[in-house]
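Novice: Those protein sequences? They're chains D and R, same order as listed. Under my numbering, read the first sequence as residues 1 to 391, first letter to last. Under my numbering, read the second sequence as residues 392 to 691, first letter to last.
These are calculated hints, taken from the structure and not from any lab test. Glycine is no exception: its CB is placed at the ideal position from the N, C-alpha and C atoms. Do not take every clue at face value.
[Unchecked claim] Straight-line Cα separation of at most 27 Å, DSSO-like style, residue types lysine-lysine; simulated pairs:
| # | chain 1 | residue 1 | chain 2 | residue 2 |
| --- | --- | --- | --- | --- |
| 1 | D | K194 | R | K493 |
| 2 | D | K197 | R | K495 |
| 3 | D | K197 | R | K493 |
| 4 | R | K479 | R | K451 |
| 5 | D | K197 | R | K485 |
| 6 | R | K479 | D | K194 |
| 7 | R | K485 | D | K194 |
[Claimed, not checked] Over 10 Å on every C-beta distance to chain D, these chain R residues come out as not near it, computed from the model:
| # | residue |
| --- | --- |
| 8 | K451 |
| 9 | R616 |
| 10 | I625 |
| 11 | R626 |
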Amino acid sequence: MTHRKLFDKPGLGRQVIRFARLLKAQGFRVFQSDVLNALCAMEEIDLGDREDFLSALRVTFSHNDIEWALFPTLFEAFWGHGWHQEETQKGGESGLEQESLAESRLHPEIVPDTACQGGVESTENDGREWLEGVAYSPVSGVEKKDLSSFDTADIQVARLALKRIMEPFRINSSRRRKKSGRSATLDFRRIMRKSLKAGGLPLDLFYREKKKRLKRLVVLADVSGSMDRYARFVMPFILGLRGIGSRAEVFVFSTSLASISSAVRRMNIHRALERIVELFPDWSGGTRIGYSLHQFNKEQGARLLNKRTVVLILSDGWDLGGKDLLRREMAALSRMAHCVIWLNPLAGDPDYEPVCGGMRVALPYVDYFMPANSLESLKRVGLLLSKVMVH
Amino acid sequence: MPSNYFMSIEQVAEELEKAHYIADRALATVLFLSSRLEKPIFLEGEPGVGKTEVAIVMAKLFDTELIRLQCYEGLDAATSLYEWNYTKQLLYIKLMEEYGEKDKEMMEQIIYSPKFLIKRPLLEAILRSEDKAPVLLIDEIDRSDEEFEAFLLEVLADFQITIPEIGTIKAQKKPMVVVTSNRTRDVHDALKRRCLYHWIEYPSFEKEYRIITTRLPGIEERFARQITRFMQKIRSVDFLKKPGISETLDWAQALMTMQKPYLNEDVVMETLGCVLKYRDDIRKFKKEIWADSGRRAAFL
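Chain D with its partners taken away, still in its complex shape (with noise of 0.2 Å):
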């Protein structure tokens, strides 16, 4: 348990601060005192039976259930299938190599050669390696990348990055009454229960004001061929920010309008799309946006929309629908709704400018126009629903 031990074993130790980086390479959110955790697991587990040797790395190193899930392939790729406990403990040179092809094979693009180089220089200087494994992630050059040009193994990262972008935008909505210094209204409740201390004589007052309500999120998400790649990486995004995501209504649209909110409250996303590819045989056709919304309007525009509704559309414009008609009805969703968000990932292209028809046609009526076509443009997404859902 101790510190001094745990340096008996110098290449053991070393490996898994290797281990613990390219875990961290690979979107794991690792903490200092993980490693430690787990250099205290090895003092007490069997280091010759390697399911038990899994286990205990896995119970410190995971932590949601993305993690819990990819930790298996991480661990075969950095341990190897010849893995004995003699080699490990020998550490040097086949560990080292051992690492690098590991990563390598994993990470083909993420991985830089300064991970490489950093093994390398590692030998001659431990305490810059600790340094390393530690500050290093590759995690930031996912951020800017455009979503469509990730790879099946970006895309893990992605999600994991994803989880820790989500983090900081928590919009609190608990049924808790807030107490408050001053205020016109007198919170009855707590004065009686704090008066009992001095015999119901109601020595000190309390007030207490509206807790912060939140607007209803609506979410319009085109998932038609073009659009259907970003629209699995947004709406995990904008479904997952505490508060306001669990409780949205989402509709997803194509040639015409269908509503998914019950089915994502119970599953993920991905699973209620592939529903509605089972209920709707005939759903990748073109996108008819206006159509889609005038459904939208006429069908759930009395129940959903008021001035307490923000509403998220996700489309890259591209229309084959009458152009009057989308007019008309971005006109009616905007004048009901109290902001219209649209999300469109070609306009992260500095470049663009808003050349299709259908494009071109809504964009007066939107409120907020953004890209979304990253995870660092996302966040910027999170920002904003942060400060338009609060009223």
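Given the structure of chain D, go ahead and fit chain R onto it with the hints provided.
Specialist: What follows is chain R alone, placed relative to chain D:
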């Protein structure tokens, strides 16, 4: 006491089985590590896979008390830690006035003594640890507010509580802590970081079969296999809520009570409510699986 109770992972697995909890080796490992390193366990998994059961069985193993804190929205320090019993204090003061007691100092000492304290689960867990550390179960932490999470962090850090009128109370021995979550929201990293994380999967065929036969000793072997096969099969279908082990056990129990120790088409239809809990799921099951004789046969 728990820190040196277990000597090996094998021992954990054995003792769990003796206590009628069938665990795979990974879960035994995390329980072993948790007791050796004195760290809380953070358990996640689909509803009904036996998260809460882990804490109950650990309390049984250690032969100690289980203190349970069920989280809900609005849970705060007063309902989870301690509160002064104001009414009792007031009555006591009135009583003393009747007797003509004038000593203010003494009075204060009496009414702020532990006798007038309402002990809530967290304080209870700390006080009870004097002779035998209890098992503290913090159930469904995702239901509580984030303010409570931050507060919990403080308590879990060193199991020490300061009550201004009495002083600081510190746990003699760290209780074993099991935190469970159903993932309705993400729990903050700071809390997870202090815990060992474990994800409980739906059980394999072998494991589920063993759970049924251990929990319901009177069950016929063939019948248990039939139920297990049905449950394993039904989990491969995309339902809103897949049935967990608790549903399996409920169902098996129900069938045994109804004296129907076999599965056939009618029996399944009659008791489907034990397995599927959403109207949409039941409808889907009837329409897509039960209407098709080929698929139906595969389930039975």
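Novice: Hint by hint, say whether it matches the structure.
Specialist: Do the hints match the structure? See the list:
1. D/K194 with R/K493: Distance of about 24 Å is within 27 Å: holds.
2. D/K197 with R/K495: At roughly 15 Å apart (the allowed maximum being 27 Å), R/K495 and D/K197 satisfy the hint.
3. D/K197 with R/K493: At roughly 19 Å apart (the allowed maximum being 27 Å), R/K493 and D/K197 satisfy the hint.
4. R/K479 with R/K451: violated, 35 Å
5. D/K197 with R/K485: Since the Cα atoms of D/K197 and R/K485 sit roughly 13 Å apart, the hinted pair holds (cutoff 27 Å).
6. R/K479 with D/K194: Status holds; Cα separation ~14 Å.
7. R/K485 with D/K194: holds, 18 Å
8. K451: holds, 22 Å
9. R616: holds, 27 Å
10. I625: Answer for R/I625: holds, closest chain D Cβ roughly 16 Å.
11. R626: holds, 14 Å
In summary, the one numbered hint that this structure violates is 4.
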